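S.K.: Residue 924 is where the sequence shown starts when you use the numbering used here, and the numbers rise one by one after that.
If you are wondering where the hints come from, they were derived from the structure by calculation, not from laboratory data.
A hint or two may mislead.
[Stated by the list, open to error] What follows is a list of derived Cβ distance ranges for each label pair:
hint	residue 1	residue 2	range
1	GLU1015	ALA1044	27 to 37 Å
2	GLY980	THR931	31 to 41 Å
3	ARG1008	ARG957	10 to 20 Å
4	THR989	ALA1044	42 to 52 Å
[Said to hold, decoys possible] Simulated pairs of lysine-lysine, DSSO-like, Cα-Cα distance not exceeding 27 Å:
hint	residue 1	residue 2
5	LYS1021	LYS935
6	LYS996	LYS1021
7	LYS935	LYS1033
These numbers were taken from a predicted model, which means no experiment stands behind them.
Ideal Cβ placement from N, Cα and C applies to all residues, glycine included.
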Amino acid sequence: AKAGLEFTYPKKSKQIPDPGFVSTELSGLVTLTRVLKGSKAWDAGLNTGDQIVAINGLRVTQSQLTIRLNQYKVGEKVQLSIFRRDRLIEKELELVKKMDKKPIVQVIKKPSRAQKKFFKAWLGVKFPNKKD
924 AKAGLEFTYP KKSKQIPDPG FVSTELSGLV TLTRVLKGSK AWDAGLNTGD QIVAINGLRV
984 TQSQLTIRLN QYKVGEKVQL SIFRRDRLIE KELELVKKMD KKPIVQVIKK PSRAQKKFFK
1044 AWLGVKFPNK KD
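All chains, please: the whole structure from these sequences, using the hints.
M.R.: This is the structure:
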């Protein structure tokens, strides 16, 4: 917070489970279009093109995916039934946290003189007064 700013989430944000992949519906199946490098999905061995047919034994469609995942808590492990090149396989996936709102940058409540000075030198404008 050298410039008196902090990176945070809006007050009404909440944690939701993040599977670590991006998917779309293809031929009626949840098809992975991207597996985020370093994510739990990556660690679980999920691949682009995998087709998820069930979560913990319950069939899932693309339109149900977010609803189904939100039934679980952050940190829970779910069993995914997947078709990979026409072969049915099982993968265990741990859900990690993701915030439901985009992060924001805001001024801190009690900036020091040094922070205000740095802010002005950096951006060329006076440090904003925060109104609560």
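S.K.: Of the hints stated earlier, which fail here?
M.R.: 1
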